[in-house]
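Q: Residues per chain are reported as follows:
Number of protein chains: 4
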Amino acid sequence: MQKRLLTASLCLSCLVLFSFTALAGSPTGQARSKAPSFAIVLASFGSTDAEAQKVQDAFLQAARERYAPTPVYMGFTARIVMKKLQEQGKDAPSLFRILAELGDQGYDHIAVQSMQVITGAEFEGVKQIATAQEGLPKGFKRVVVGDPLVASNEQAAELAHALIASLPKERKSGEPVIFIGHGAEGRGGLSYPALNWHLQILDPMLFISTVEGAPSMDDTLIALPAPEGKKLRVWLAPLLALAGEHARNDIFGADPDSWKSMLTAKGYECMNIEKALLSLPAVRELWFAHLDEALLSLGYEKK
Amino acid sequence: MQKRLLTASLCLSCLVLFSFTALAGSPTGQARSKAPSFAIVLASFGSTDAEAQKVQDAFLQAARERYAPTPVYMGFTARIVMKKLQEQGKDAPSLFRILAELGDQGYDHIAVQSMQVITGAEFEGVKQIATAQEGLPKGFKRVVVGDPLVASNEQAAELAHALIASLPKERKSGEPVIFIGHGAEGRGGLSYPALNWHLQILDPMLFISTVEGAPSMDDTLIALPAPEGKKLRVWLAPLLALAGEHARNDIFGADPDSWKSMLTAKGYECMNIEKALLSLPAVRELWFAHLDEALLSLGYEKK
Amino acid sequence: MQKRLLTASLCLSCLVLFSFTALAGSPTGQARSKAPSFAIVLASFGSTDAEAQKVQDAFLQAARERYAPTPVYMGFTARIVMKKLQEQGKDAPSLFRILAELGDQGYDHIAVQSMQVITGAEFEGVKQIATAQEGLPKGFKRVVVGDPLVASNEQAAELAHALIASLPKERKSGEPVIFIGHGAEGRGGLSYPALNWHLQILDPMLFISTVEGAPSMDDTLIALPAPEGKKLRVWLAPLLALAGEHARNDIFGADPDSWKSMLTAKGYECMNIEKALLSLPAVRELWFAHLDEALLSLGYEKK
Amino acid sequence: MQKRLLTASLCLSCLVLFSFTALAGSPTGQARSKAPSFAIVLASFGSTDAEAQKVQDAFLQAARERYAPTPVYMGFTARIVMKKLQEQGKDAPSLFRILAELGDQGYDHIAVQSMQVITGAEFEGVKQIATAQEGLPKGFKRVVVGDPLVASNEQAAELAHALIASLPKERKSGEPVIFIGHGAEGRGGLSYPALNWHLQILDPMLFISTVEGAPSMDDTLIALPAPEGKKLRVWLAPLLALAGEHARNDIFGADPDSWKSMLTAKGYECMNIEKALLSLPAVRELWFAHLDEALLSLGYEKK
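Residue numbers (our numbering), protein chains in the order written: chain A, -17 to 285; chain X, -17 to 285; chain F, -17 to 285; chain B, -17 to 285.
Possibly wrong hints are sitting among the right ones.
Pairs count within a copy or across copies, as identical chains cannot be separated in the list.
[Stated by the list, open to error] The calculated DMTMM-like cross-link candidates involving lysine to aspartate or glutamate, where the alpha carbons are at most 25 Å apart (straight line), are:
#1 K257 - E210
#2 K123 - E136
#3 K284 - E152
#4 K72 - E83
#5 K213 - E275
#6 K109 - E210
#7 K257 - D239
#8 K65 - E116
#9 K154 - E256
Keep in mind that the hints were calculated from the coordinates and are not lab data.
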């Protein structure tokens, strides 16, 4: 009879072993029916630029307030950014590591929000890392990845509206605005000309261009109305999550082949819109909306 | 001593068991170093339309001539198409089944060429089915999937050029041409407005539209120059691999909400370009180019 | 309004595309809630021996009667067996191909029963091939693999009882019986000494031995009681699914290093039990029991 | 021209992004050909017992000395152990988290050594967690998992020899020794009767038994020689990596259904061998040998 009790106590320790949930300290020991325990990770390339980091920290803070008491963390994907942040004494965990830490803390339903703009190689990497962790023994029960800014025509249309809503009041109707993104190889690269189309059916003087890829600077120069001796103001804006070196150098830089220099040389008057996408409240709402959708598919209910 | 021989003969049968290559009858028995044995599968949705089937069969025939003596087969993905073809007494294997038959025949390096137009859900399915078969015990050593028509900006530009090169001589400069595709949800849907951009930087009177999705018929009607009482010819063409029911009904049909009826009602004169993409030699070359690339990455060398 | 209808009809064809179930011809079109459609595949190494094939065919026939009207097929895993059967004009599909054919016929819940004896490399291959097919687009909803004969201590004990129940009446208590299996590398090889233990706690004169591996012939010779001049009968039986060349040559053969020759030379009187495991009703029931369990986990109910 | 340089610098940042190796600070920037960077993780269930922890720490220390300067860490798999260790202020990372930390430090070739005894569910979990991390973007290039103590007949034979070599000198020939393991469901459970066989062909008075499963305590009691009034010493030893609660209570405990109490009640004189497997130098060498093999397959060369 006591033998049986002994066996039962052994079984209990085996149960604990395979049940992830012991950590969360269910007082009844009913590990299997424990409520899901949610956490959020913002997966970002990151930036070594101090101003860009502030913008990102502000977004993280906004996310924490929005989803409190659910914990929200940042997980980085760029080795070089993590290295530089660590040299500055900051803890900059990779996406992999922050997921592992949340696992050790007992969270079992994870929403990973892609802070990317398009569904390029960087987003594929985030998805691959995040989903590899789903369903492992004693690990996460579910991991869902929220869409980047533009992963469908509906989202492209929403971004187009948000970009227009974010234009400075000083920009007059008819003045060209060029949103300059990074560009991408493969299928993700199609997002840029697609977004260009979505913008132009709303306002034909809005353009998407890229640092690498299509539409190229040359494509955009051809599409722009010529200044023809008159003063034509052209607005330049980053189509980047964060305004780091790409924005400062390639778009607004003093270098003769920056967008600004090239356009100025062709007779345009360049106006800077220095805020990147994560600084625009209307665009931030889109990322939050994608995160809301990811959380919804996890079965999350806002407290 | 004989014991040792016995053991050796047993080991041989085990070797044969795990070596896929015995079938191909290597006379030396050096199974491990056997030359790769290549086969090609064209993965197509298929069509129940007799004319469309002829076009598809002609493409299959062209592929067989181009890659002879490497075997080329068609594998279907639409259950309804396979069912109807089978009712007509034709063998219409699924992609899964034709792969299995090639496996039983001893082929171990397989190129699966997607006959899709864009990287939508249908293409994702082809890729998932094909790659699940790679590396299984006694199965394919490698399976590579060739891109559909448009999986990057470079390919979109190539398709734009091929579409222009395929226009009928009767189409005069300045006359609108609308290429009408299926449309897609999610990220694949972005291919259509992207392709619209690639066409319009070459000729602003070329338009992409879709049966479902963006650009919609309404989007395209707004973008078209108005007929303004004058006779304005508009050319309608399917942006579909095969011209089946979608082409016959939705584009050219007599129904009042077909493209043709709608445009005619608005005062345009509609001209039909009934050939679908698989009937256009310039476009067929693009599919072949993607297949060539897939074969190249398999280590295939044309005999 | 008609536009909406048109769109609906398009959506229907998309539904059909992604719904595997259209083939089964649900008259109501409620593809998603279609009842599961079951099929069974017996995954066997196969044999080139005519007698062994008859035994296997009889087992297949018994399975068909037992599970009618659910279809039951054989899928082979040995290339060399398939090749020889095909040369004899028989259709000997690989496991991969028979699965693909069942998929094309519209079955979506598949039980694959391993006809292996232990959980060795051959069983791992069956499991890998079978489970790679689960959940593919338009493919099987579920694939479950039934255990081989011995995949746990409980199953080893059941096999021990079944082997004892299958002993010929002529075998007298105290006479040694040696069941000779193939042997295996890696963890699967541990099944043989484990099974030896399970047999010997029931009858210490029952032995497991292997052609390659442990317990070896030498191990078994040491463990046998010595004949010591007296006539000691030893019974030899294959621990193989089918009695093919291994049984005929390695166990019962005239060759001086067959089990029979070796034991005879040492003064034992050898008695042949030529029936392999698939010929023993008590053992066949164990394979069926594992298949029943696989079907149960698929949600199958016997009609 | 400068445009080209600009593009080049952008490409560089992209390279860095996808190249895991930047962290390791290759001065030439030839990220692709960087030498592999090795690390070792010992994957252990862990123990909450202070003495067992010392044994484990000693093994970790021995591993660090043996493989220096390659870093060696412990990763735990039991939630309850990690929780208790953390309550004691110790850092007890899960296998998942220690892997993630090594990833963040730039290691790309990882050997995970299973500290399990057999290939049961616990080992399967270790393998699944470890291999899920292989080949992720910017992650580990290769992860190899070393065998637990017994994953083949060869390893079982080696363990049998090591156990015999580790017996106390006081144990006289003919005195039974019972090695008591945890037991396991499924195929892993077959390891115990298999190991019993390997021990008994060396010394028929050595027995394997389990807390749960086969051979059970009852099986072993039947197999033991009866004391028959005489004083018969029986040696009890844990077949556990660490001697924690199972050893203290189930084997040596004062409780009437511990092994010791049961055997004493039956008239045996019980002798304790309290050292668990990780305390036996000959057995530790076997774990190291499996780790050496894992490292070898990673291409590791001892410095």
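Q: Should K65 paired with E116 be assigned to within, between, both, or neither, using CA atoms and 25 Å as the limit?
A: between (27 Å within a copy, 22 Å between copies)
Q: How would you classify K213 and E275 at a CA-CA limit of 25 Å: within, between, both, or neither?
A: neither (46 Å within a copy, 49 Å between copies)
Q: Quick one: K257 to E210, C-alpha cut-off 25 Å, is that within a copy, between copies, both, or neither?
A: Close neither inside one copy (29 Å) nor across copies (44 Å); limit 25 Å.
Q: For K123 vs E136, is the C-alpha pair at or below 25 Å within one copy, between two copies, both, or neither?
A: Answer is neither; intra-copy 30 Å and inter-copy 31 Å both fail.
Q: When no copy is named, should K109 and E210 be tagged within, between, both, or neither for a Cα gap of at most 25 Å?
A: Neither way: K109 and E210 sit 48 Å apart in one copy and 51 Å across, limit 25 Å.
Q: Go through the copies and call it for K284 and E152: within, between, both or neither, with a Cα cutoff of 25 Å.
A: Neither way: K284 and E152 sit 39 Å apart in one copy and 62 Å across, limit 25 Å.
Q: If the cutoff is 25 Å on CA atoms, where do K257 and D239 land: within, between, both or neither? Let me know, please.
A: Intra 21 Å, inter 45 Å, cutoff 25 Å: intra-copy only.
Q: For the identical chains here, do K154 and E256 meet the 25 Å Cα criterion within one copy, between copies, both, or neither?
A: within (17 Å within a copy, 45 Å between copies)
Q: Within, between, both or neither: how does the pair K72, E83 come out at a Cα-Cα threshold of 25 Å?
A: both (17 Å within a copy, 15 Å between copies)
In this structure, the earlier hints numbered 1, 2, 3, 5 and 6 are contradicted, and the remaining ones agree with it.
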